[in-house]
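Starting from the given sequences, assemble the full structure and let the hints guide the process.
As given, the protein sequences belong to chains Z and W, one line each in that order. Counted from 1, the first sequence has number 95 at position 91 by our numbering; the numbering is strictly sequential. Counted from 1, the second sequence has number 266 at position 263 by our numbering; the numbering is strictly sequential.
Heads up, a few of these hints could be off.
[Stated by the list, open to error] If the Cβ cut is set under 10 Å, some of the chain Z residues that face chain W in the computed set are:
# : residue
1 : E38
2 : E64
3 : S65
[As the list claims (entries may be wrong)] Okay, derived cross-link-like pairs now, SDA-like style, lysine to any residue, Cα gap no bigger than 20 Å in a straight line:
#  : chain 1 : residue 1 : chain 2 : residue 2
4  : W       : K355      : Z       : V62
5  : Z       : K49       : W       : R352
6  : Z       : K77       : Z       : N55
7  : W       : K298      : Z       : F44
8  : W       : K296      : Z       : E88
9  : W       : K298      : Z       : N90
10 : W       : K15       : Z       : E38
11 : W       : K355      : Z       : S70
12 : W       : K296      : Z       : A89
13 : W       : K20       : W       : Y37
14 : W       : K24       : Z       : E38
15 : W       : K24       : Z       : H34
16 : W       : K298      : Z       : A89
17 : W       : K355      : Z       : F44
18 : W       : K355      : Z       : I47
It should be emphasised that the hints constitute simulated quantities derived from the structure, not laboratory data. Here the structure is a predicted model, which means the values were calculated and not measured. No residue lacks a Cβ here, since even glycine has one placed at the ideal position from N, Cα and C.
Residue strings, one per chain:
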Amino acid sequence: MNVPDALLYTESHEWIKREGENIRVGITDHAQAELTDVVFVEIPKMGRTVNAKEALAVVESVKAASDIYAPVKGTVIDANKALEANPALINTDPYGEGWIFVLKIDNPEDLKTLKDAAAYKQQTS
Amino acid sequence: MLAEVLKTTPLKDEHVKLGAKMVLFGGWLMPLQYSGIVDEHRTVRSAIGMFDISHMGQFIVSGNTARDWLNRMLTNNVAKLGLGTGQYTFLLNDRGGVIDDLIVYRTGDAEFFLVVNAARVDEDFGWLQKHKPSDLELRNCSPHFGAIAIQGPRAAEFFRAWLGNDREAPVRNQIANFTLSDNTISVARTGYTGEDGFEVFFPTKIATELWLGALAIGGKFGMKPCGLGARDTLRLEMCYPLNGSDLSPDRNPLEAGLGLFVDLEKPDFIGRAPLHETKTKGPQERLIALKMKEKGPPPRPHYPVFANGNRVGEMTSGTLSPSLNIGIGLAYVSAAAGKIGTVLEVEIRGQKFPATIEKKPLYKKS
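This is the structure we're talking about:
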């Protein structure tokens with residue numbers, strides 16, 4: 005499984021990429037493989053404020069619907085509309101074109117609660 | 004509660020070697036998918052797929068009164084079965100509710116072969132054992148049989164290349180014995196996908212050899228191994244019920260729209276009286292097929308269903324149909340709301356989405 009070193013991770017299989025005051029979030033390669041073919045994605049509304057571990061998006065495979073959680077407290081400033089037309093981007097490019105939303109974070113200190121690549125690898129091994 | 008013991012089929016190692024994603028299903032460790040649910044689904048619709056169905060149960064009933072006794076235990080008319088023929092049927096409780104749906108084959112003058120659902124083997128066997136007269140023999144042969152399903156429009160071609168050098172394949176709903184490397188195997192022309200195909204029963208000791216042999220020959224016809232994920236989407240497009248989801252001890256076959264497999268005219272059988280009452284009064288709820296009107300989230304089991312703002316029932320199965328590329332499912336709704344062509348609404352995460360009641364099956368071969 006591909007677990008890029010430069011990203012942060014959650015126990016619930018989201019990846020987090022720091023972009024200044026913002027974070028870009030998607031689901032890991034491991035998560036997309038577990039979910040199987042993604043057929044529908046419900047992306048969050050712009051401007052929505054969320055707490056850490058609050059359900060914010062839904063990814064549906066042929067088999068089931070899975071909630072995607074906010075890794076830390078913040079506000080939604082962007083969401084990947086391309087997933088509405090092409091949900092399979094999550095399978096084909098989970099760390100790139102398959103990103104789900106961008107949060108403006110309240111407190112950069114919160115990122116310290118997340119896992120690094122080594123810790124996430126250990127969780128999924 | 005004791006932890007459930009994990010059961011495996013004789014083909015488990017082959018699934019792992021093929022890179023299958025394995026999941027628990029009714030206490031069994033089974034392949035969910037190999038190349039992907041959608042890819043496997045399309046392979047079965049366009050070419051041919053092979054499924055491990057060794058988790059399913061097999062019983063043999065024999066004795067002079069086997070036919071009359073089974074006719075008391077099952078809803079379809081066993082007396083109509085010629086030698087080597089099978090029929091879809093139900094095992095009911097006293098309230099007319101479904102214990103299991105199964106296929107019964109007549110394999111001898113006084114011998115019958117029953118194929119039952121994996122999760123119901125012990126319950127079915129216990130129920131049959133409890134009602135069985137002492138002069139009949141009932142055996143649970145499930146541990147001795149492996150089974151595969153070979154399904155798709157190229158199944159007949161495959162059969163000729165595999166076993167058909169000098170013999171014809173059985174016709175629809177028929178079962179026949181063949182010899183494969185000195186072992187007797189039973190081949191039935193049945194399935195759970197809506198495509199032509201076979202279900203093959205064999206001694207567990209030849210499982211690996213048979214699986215690898217069939218895959219090697221099947222390659223010529225575009226065969227792929229297929230898992231439970233595709234098995235579920237294929238059966239749902241055909242509106243074939245899944246016991247435990249669409250069927251239950253609290254639902255009878257008439258409510259499920261499966262009266263075709265219930266013979267109320269034959270001599271008495273367990274569950275007949277409540278079914279007769281349902282037939283006379285009409286069912287209060289019906290299992291209907293829904294197709295979402297627009298692209299959006301697919302329906303899932305237990306999502307509520309509404310008519311004109313009133314809750315009229317709930318989904319029992321639901322998925323995105325790989326053939327139709329839209330959400331489909333089955334739901335029990337009040338009979339008054341259940342007319343074909345009616346537009347209902349499915350509530351998904353607090354939002355209502357329109358869906359049309361369609362004639363079954365949802366997928367029709369073009």
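Consistency of the hints with the structure:
Of the supplied interface hints, the one on Z:E38 holds, with its beta-carbon coming within about 8 Å of a beta-carbon of chain W, less than 10 Å. Here the hint on Z:E64 is kept, as its CB sits about 6 Å from the closest CB of chain W, short of 10 Å. Interface hint at Z:S65: satisfied, since its Cβ lies 8 Å from the closest Cβ of chain W, which is below the 10 Å cut-off. Between W:K355 and Z:V62 the alpha-carbon distance is near 16 Å, which keeps this suggested pair within the 20 Å criterion.
Restraint check for Z:K49 and W:R352: the C-alpha separation of about 15 Å stays at or below 20 Å, so the hint holds. Taking the CA atoms of Z:K77 and Z:N55, the gap is near 4 Å; set against the 20 Å cutoff, the hint holds. Only pairs whose Cα atoms come within 20 Å are accepted, and W:K298 paired with Z:F44 is accepted, the gap being roughly 9 Å. For the proposed pair W:K296 and Z:E88, the alpha carbon gap of about 17 Å is at most 20 Å, so the pair holds.
Distance hint between W:K298 and Z:N90 is fulfilled; the C-alpha atoms sit about 12 Å from each other, no more than 20 Å. Restraint check for W:K15 and Z:E38: the C-alpha separation of about 19 Å stays at or below 20 Å, so the hint holds. Between W:K355 and Z:S70, the direct Cα distance comes to roughly 19 Å. Compliance with the 20 Å bound is thereby established for this hinted pair. Among the hinted pairs, W:K296 with Z:A89 is consistent with the structure: their alpha-carbon atoms are about 17 Å apart, no more than 20 Å.
Only pairs whose Cα atoms come within 20 Å are accepted, and W:K20 paired with W:Y37 is accepted, the gap being roughly 10 Å. This hinted pair checks out: W:K24 and Z:E38 have alpha carbons roughly 8 Å apart, not beyond 20 Å. The suggested pairing of W:K24 with Z:H34 holds, with an alpha-carbon distance near 12 Å, which does not exceed 20 Å. Using a Cα cut-off of 20 Å, the hinted pair W:K298 and Z:A89 holds, with the two alpha carbons roughly 10 Å apart.
Simply put, W:K355 and Z:F44 have alpha-carbon atoms about 16 Å apart, close enough for the 20 Å limit, and the pair holds. At most 20 Å may separate the alpha-carbon atoms for a hinted pair to count; W:K355 and Z:I47 meet this at roughly 17 Å.
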